[in-house]
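Q: Now for the letters of each chain:
There are 10 protein chains.
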Amino acid sequence: MPPNPPSAPSKELHVFPNPAPERDYVIQFQIPEFTCHCPLTGQPDFAHFTIDMVCDKLCVELKSLKMYMWSFRDEGAFHEKVTNDILTKIVEVTKPRYARITAKWYVRGGIYTNVVAEHRKKGWKPDAPVTLPAHSTERGLLG
Amino acid sequence: MPPNPPSAPSKELHVFPNPAPERDYVIQFQIPEFTCHCPLTGQPDFAHFTIDMVCDKLCVELKSLKMYMWSFRDEGAFHEKVTNDILTKIVEVTKPRYARITAKWYVRGGIYTNVVAEHRKKGWKPDAPVTLPAHSTERGLLG
Amino acid sequence: MPPNPPSAPSKELHVFPNPAPERDYVIQFQIPEFTCHCPLTGQPDFAHFTIDMVCDKLCVELKSLKMYMWSFRDEGAFHEKVTNDILTKIVEVTKPRYARITAKWYVRGGIYTNVVAEHRKKGWKPDAPVTLPAHSTERGLLG
Amino acid sequence: MPPNPPSAPSKELHVFPNPAPERDYVIQFQIPEFTCHCPLTGQPDFAHFTIDMVCDKLCVELKSLKMYMWSFRDEGAFHEKVTNDILTKIVEVTKPRYARITAKWYVRGGIYTNVVAEHRKKGWKPDAPVTLPAHSTERGLLG
Amino acid sequence: MPPNPPSAPSKELHVFPNPAPERDYVIQFQIPEFTCHCPLTGQPDFAHFTIDMVCDKLCVELKSLKMYMWSFRDEGAFHEKVTNDILTKIVEVTKPRYARITAKWYVRGGIYTNVVAEHRKKGWKPDAPVTLPAHSTERGLLG
Amino acid sequence: MPPNPPSAPSKELHVFPNPAPERDYVIQFQIPEFTCHCPLTGQPDFAHFTIDMVCDKLCVELKSLKMYMWSFRDEGAFHEKVTNDILTKIVEVTKPRYARITAKWYVRGGIYTNVVAEHRKKGWKPDAPVTLPAHSTERGLLG
Amino acid sequence: MPPNPPSAPSKELHVFPNPAPERDYVIQFQIPEFTCHCPLTGQPDFAHFTIDMVCDKLCVELKSLKMYMWSFRDEGAFHEKVTNDILTKIVEVTKPRYARITAKWYVRGGIYTNVVAEHRKKGWKPDAPVTLPAHSTERGLLG
Amino acid sequence: MPPNPPSAPSKELHVFPNPAPERDYVIQFQIPEFTCHCPLTGQPDFAHFTIDMVCDKLCVELKSLKMYMWSFRDEGAFHEKVTNDILTKIVEVTKPRYARITAKWYVRGGIYTNVVAEHRKKGWKPDAPVTLPAHSTERGLLG
Amino acid sequence: MPPNPPSAPSKELHVFPNPAPERDYVIQFQIPEFTCHCPLTGQPDFAHFTIDMVCDKLCVELKSLKMYMWSFRDEGAFHEKVTNDILTKIVEVTKPRYARITAKWYVRGGIYTNVVAEHRKKGWKPDAPVTLPAHSTERGLLG
Amino acid sequence: MPPNPPSAPSKELHVFPNPAPERDYVIQFQIPEFTCHCPLTGQPDFAHFTIDMVCDKLCVELKSLKMYMWSFRDEGAFHEKVTNDILTKIVEVTKPRYARITAKWYVRGGIYTNVVAEHRKKGWKPDAPVTLPAHSTERGLLG
Ligand SMILES: [Ca+2]
Ligand SMILES: [Ca+2]
Ligand SMILES: [Ca+2]
Ligand SMILES: [Ca+2]
Ligand SMILES: [Ca+2]
Ligand SMILES: [Ca+2]
Ligand SMILES: [Ca+2]
Ligand SMILES: [Ca+2]
Ligand SMILES: [Ca+2]
Ligand SMILES: [Ca+2]
Ligand SMILES: [Ca+2]
Ligand SMILES: [Ca+2]
Ligand SMILES: [Ca+2]
Ligand SMILES: [Ca+2]
Ligand SMILES: [Ca+2]
Ligand SMILES: [Ca+2]
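Protein sequence lines correspond, in order, to chains X, Z, E, D, U, B, V, W, P and H. Each residue of the first sequence is one higher than the one before, counting from 0 in numbering that gives the first Met the number 0. Each residue of the second sequence is one higher than the one before, counting from 0 in numbering that gives the first Met the number 0. Each residue of the third sequence is one higher than the one before, counting from 0 in numbering that gives the first Met the number 0. Each residue of the fourth sequence is one higher than the one before, counting from 0 in numbering that gives the first Met the number 0. Each residue of the fifth sequence is one higher than the one before, counting from 0 in numbering that gives the first Met the number 0. Each residue of the sixth sequence is one higher than the one before, counting from 0 in numbering that gives the first Met the number 0. Each residue of the seventh sequence is one higher than the one before, counting from 0 in numbering that gives the first Met the number 0. Each residue of the eighth sequence is one higher than the one before, counting from 0 in numbering that gives the first Met the number 0. Each residue of the ninth sequence is one higher than the one before, counting from 0 in numbering that gives the first Met the number 0. Each residue of the tenth sequence is one higher than the one before, counting from 0 in numbering that gives the first Met the number 0.
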């Protein structure tokens, strides 16, 4: 792969082999630069996306993810639909054990909208979570 | 629907078909601009509402939600009652799998009051939660 | 009830009928203005109280709660005891399904003390909690 | 007890009878002023300790706790060991239902170290936790 | 051990005997000063690592951990791979009951990447977590 | 004055004699509960007001200020105009040495608007400010 | 003006008469939703704009400001140039006494860029600032 | 002086000789535990006081300051008056070069009140402040 | 210029013509990813740099700045010296009206070090600053 | 100088030649790990020190500063005196153009004490400060 392939919006999402498929580890992407259009009014919408994944055989390639998110820039998309569509796409190309999309949209009409959707591979179960006996420091009254 | 129907307070809550009914995904609305009256003294009260929903066949339309919350502006309403009434209304028009209302009221007499109520559709069970082995960064002692 | 009955410290806690007894909803009071005396040295102590309740037939009336908390102003009270006593009182007058008292005391001798106590009505069980697949936004390294 | 007995570092930890032994309530102490020495280099170390307890018949007396923590000032102590030793001491004098020690140490060599240890009385089980359907307010994207 | 052995990057990780092997206590290291190279472009990458461990017979020695993390400074390493490799190394030298690595990488192409991986010793089970009935203070609406 | 005169919106602002007219001291009021209407669309607007004053012979009475701010609830008012009108009113009734109004309005159309206006009595000069050689603690890089 | 004229990107900035031209008061707009293109690579850029103004005879109309900022969505623009161009435009249509533009751009190549530019009307002088003898509360060491 | 003289509320403020009268240095006291009564309604008021001083020949003794602030606990006091009275007292007993009192009062009727007053010794001038070319770190857009 | 010239550490700093030389506007770069070596011990050091500039005829090109900062990765450099050297370099290539470098270094030996240096072009004077009568919102006592 | 000379508390403060004496640049040290004794009661005191300097011919060597601050660990010292003494010492060994010491002490008797003292070389004047027309982003009402 050349060091810097040209950048352009794209509906293709590249993948690469999971370097540690023997573990159920988590990859999280934070994408604060997302914009599309409101399909009713045509006005721009902005959101902050978070993607959490437990990959199986394939991981999402970072640069193609950036170009994929860019591809919505000139499209109209309802808050609820675009969140679910991005999840569906990621599931399609990586067939992950688990994926979760969180979208936090900028305020409209005085109301903030957040949408969260997840996918679980059939038969896959998360490891029982290890809750460590640690906690945030309480600062007493004055903090 | 015209792009910008006239805005007015309204007790009607519009709905639209859930674009991804095959998933139990979450929609959250934050409504920091809520005001009504204290039914005893007539003085204005202010609150920040949060609505969390797992929709079934129908979603709440954002603009009608804004006009619905506005409709309480000239009504008297006890903290505990108005929170429950809004939940009841949302359940009535969307018949959701799950809905939760959180209301944080401004301080009165030196006391802050928060009210939280939820509804679950009969027979509906949330997916077993996936607790990912990720955590907030601890900053050691100095943070 | 007259709009503004005279205010005075009082050991009486007024109640009113729960407007939504069909639901296990939560009422939380934050009371940052609490002071009493140290029973050993007579010096003033200060604390921030939080009260969480799932009411049954009765709710706590806000103004009487304020006057009840005020009634400790001239009393001596150990941190551990006053927290438990306030819980006992609230349980006595409202017979709630659930009540929890959190008291955060100002630093004494370089040590901050926090006390938490709870009461559950016999036979009452909280609804299985609904853990929504939403999470706080991770901000990456720089946040 | 005289109002202000003389203060000095001490390995003795005083106790007093639990005023509400009928409940499994929690007492938390925050001790931000702890210092000892590194046993290898002799250099001073600093930490912030948090102690969480569900007492049984006895509670820890606050002033003696301060003097006990002070007693480490001129001792050499490894991070992992001193945390466990303080837990062992508290267990020995109060025989609590539950105790947990959290120590957050100042950065050394660019690394922050936090240690957490807990003790549970044999046969004691915590009450099933009541997870109230309340959550932190989400602030949308801009908060 | 001499007080200050010479510092140099090293792939060796020193250990010392666990001072309290009778308990499942937690040691957490925060390492905000990590840098390596992107294997594709050769450009520097930066990350903040968090290591959580329940040790068995051996603990990680702090200074060698610092030199081990330093050893990646001139190596190329994918985000997903280096996180897993560091976990594998720690498991190899300490054979812990539990270990978890969290890596938060600086933003690249407008996207923040976080990776979390964990290891559990065969047959080891975490103690059932004790969830104390305490919670963060809610500050009402204005905080 | 009776302890609790009835509360109602009012355009009257009560005053009382300045208890320390020999000093140029500052009184600041924070009023987070302000709402009026947009005069164009009729939709509700919300703002947080801050009033800073150096009084001369008269101070603003707190309860009447609350009722005065309430009096805008059913009025239409442009952001820029209402801020200036409130300043004009306060100047009219108290003839202060100095007054400053800060209004922070909730977001509209994705834009946050803040307005600040001040009044200085003719001939009045603020004392040359005393800038003490104190500063906020810098926390180094990691805070 | 109709309540809701159609929204579209526009290079026109509407104005209205300053309702309080007798005062040098400040209007601040916060515009967190700005995006344009990098003129070299074509990739999207995002920024948060702040506009501070002391108007003279004319104020900027809020809705047209939103549409003006939107008009950059499909244009290429260097960070330094677009900030100065927006300032030039605002000066041209409102001829303000003072205007300041602050643009905070999202990170590129690991570097955050902020640009600030201001315009002062010839001959205009800001009032000597009134520095009130008030300050942020210091919280001592533990806050 | 005995190590721990008995504590009681007191109107006497003790002083001790300034250890560095050759310098204009600043001493700041933060007193978050202040309570008195509203003289009209008799209800308790709470405030956080900050005292900044440039002493001349005498400094305020810390323990007597604590007992002095305690002495207001059972007194009625208007916000504006008590702040000025405390300043007057401190000036009387220490004749400082400079003193400033900041009082932040808990919310009443939805309004927060802060009062600030200062005293300057006749003929005393603060050193011209040294404004160092240092500033808080800007974090770009995402912080 | 090709869209993506190859990246490598470099001591060359590229410039481009200032697009608005008629104004004294400010460009600020935040560079959180800086690392070099301690010249005494060879151990890695990390810092966060902030560069504030009022350019004259030339601006610093962003990508070359990144490669310039990267060029220190394998060099030994004292905190005080490297900060001054970077300032000297920037002055040399852009001959700015004003430049300021702030470097915040990670903690070493329990001490955080920050260094700030600035350059002013001979004869250049900053515009008299415009201090707008706006201020941060005070939140009263409880925030 | 050997890479790691033995560490011990010391009253000696080492210096080295200022690498950029042609500029008035600022060096700031943050020292959060300071402890001494109260000379009256013998109890430990803790503080966070900040040292700001404009050096002349000499700079303070970091490691000796750490050992100097450590040397107060077993000494009794009044808050006001120790702050002034440390300033006097630093002035004595480096003869700086400017030095400022800020000490923030842990709460005692419910009161937080902060002390700030500064020294200016005779005839030295700080450069007129450059106040850049930049400011912190205002977040509107909801942030
Ligand atoms: Ca934690
Ligand atoms: Ca997390
Ligand atoms: Ca920190
Ligand atoms: Ca959340
Ligand atoms: Ca919560
Ligand atoms: Ca943000
Ligand atoms: Ca908690
Ligand atoms: Ca300060
Ligand atoms: Ca302030
Ligand atoms: Ca702190
Ligand atoms: Ca600063
Ligand atoms: Ca950030
Ligand atoms: Ca401000
Ligand atoms: Ca507080
Ligand atoms: Ca700033
Ligand atoms: Ca808020």
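Among these hints, one or two may not hold up.
Taking lysine to any residue and the SDA-like style, the derived pairs with C-alpha atoms no more than 25 angstroms apart in a straight line are [said to hold, decoys possible]:
hint	chain 1	residue 1	chain 2	residue 2
1	D	Lys-10	H	Asp-126
2	H	Lys-62	D	Ala-19
3	P	Lys-94	H	Asp-126
4	B	Lys-56	B	Tyr-105
5	V	Lys-62	V	Thr-40
6	D	Lys-124	E	Pro-128
7	V	Lys-120	V	Glu-60
8	W	Lys-94	H	Asp-126
9	X	Lys-62	X	Leu-39
10	V	Lys-80	P	Leu-64
11	Z	Lys-80	B	Trp-69
12	B	Lys-10	Z	Leu-39
Facing chain P, a subset of chain V residues (Cβ under 10 angstroms, in silico) [unchecked claim]:
hint	residue
13	Ser-6
14	Ser-9
15	Thr-82
16	Leu-86
17	Ile-110
18	Val-114
19	Val-115
20	Arg-119
21	Pro-125
Don't read these hints as lab results, they were simulated from the structure. Note that beta-carbon positions come from the ideal geometry of N, C-alpha and C, so glycine has one too.
Q: Now tell me, hint by hint, if it's right for this structure.
A: A quick look at each hint next to the structure:
1. Lys-10(D) to Asp-126(H): 55 angstroms, violated
2. Lys-62(H) to Ala-19(D): At roughly 52 angstroms apart (the allowed maximum being 25 angstroms), Ala-19(D) and Lys-62(H) break the hint.
3. Lys-94(P) to Asp-126(H): 20 angstroms, holds
4. Lys-56(B) to Tyr-105(B): Between Lys-56(B) and Tyr-105(B) the Cα gap is close to 35 angstroms, so the pair fails against 25 angstroms, i.e. violated.
5. Lys-62(V) to Thr-40(V): Violated: Lys-62(V) and Thr-40(V) sit about 31 angstroms apart, past 25 angstroms.
6. Lys-124(D) to Pro-128(E): 20 angstroms, holds
7. Lys-120(V) to Glu-60(V): 20 angstroms, holds
8. Lys-94(W) to Asp-126(H): 33 angstroms, violated
9. Lys-62(X) to Leu-39(X): This hinted pair is violated, its Cα atoms lying about 31 angstroms apart.
10. Lys-80(V) to Leu-64(P): Satisfied, since the Cα-Cα distance of roughly 19 angstroms is no more than 25 angstroms.
11. Lys-80(Z) to Trp-69(B): Given pair Lys-80(Z), Trp-69(B) holds - Cα atoms ~23 angstroms apart, limit 25 angstroms.
12. Lys-10(B) to Leu-39(Z): It holds: about 22 angstroms lies between the C-alpha atoms, which stays within 25 angstroms.
13. Ser-6: 29 angstroms, violated
14. Ser-9: 24 angstroms, violated
15. Thr-82: 7 angstroms, holds
16. Leu-86: Since chain P brings a Cβ to about 8 angstroms from Leu-86(V), closer than 10 angstroms, the hint holds.
17. Ile-110: 5 angstroms, holds
18. Val-114: 6 angstroms, holds
19. Val-115: Constraint on Val-115(V) satisfied, holds at 4 angstroms.
20. Arg-119: 7 angstroms, holds
21. Pro-125: With Cβ-Cβ at 5 angstroms, under 10 angstroms, it holds.
Violated hints for the displayed structure, listed by number in ascending order: 1, 2, 4, 5, 8, 9, 13, 14.
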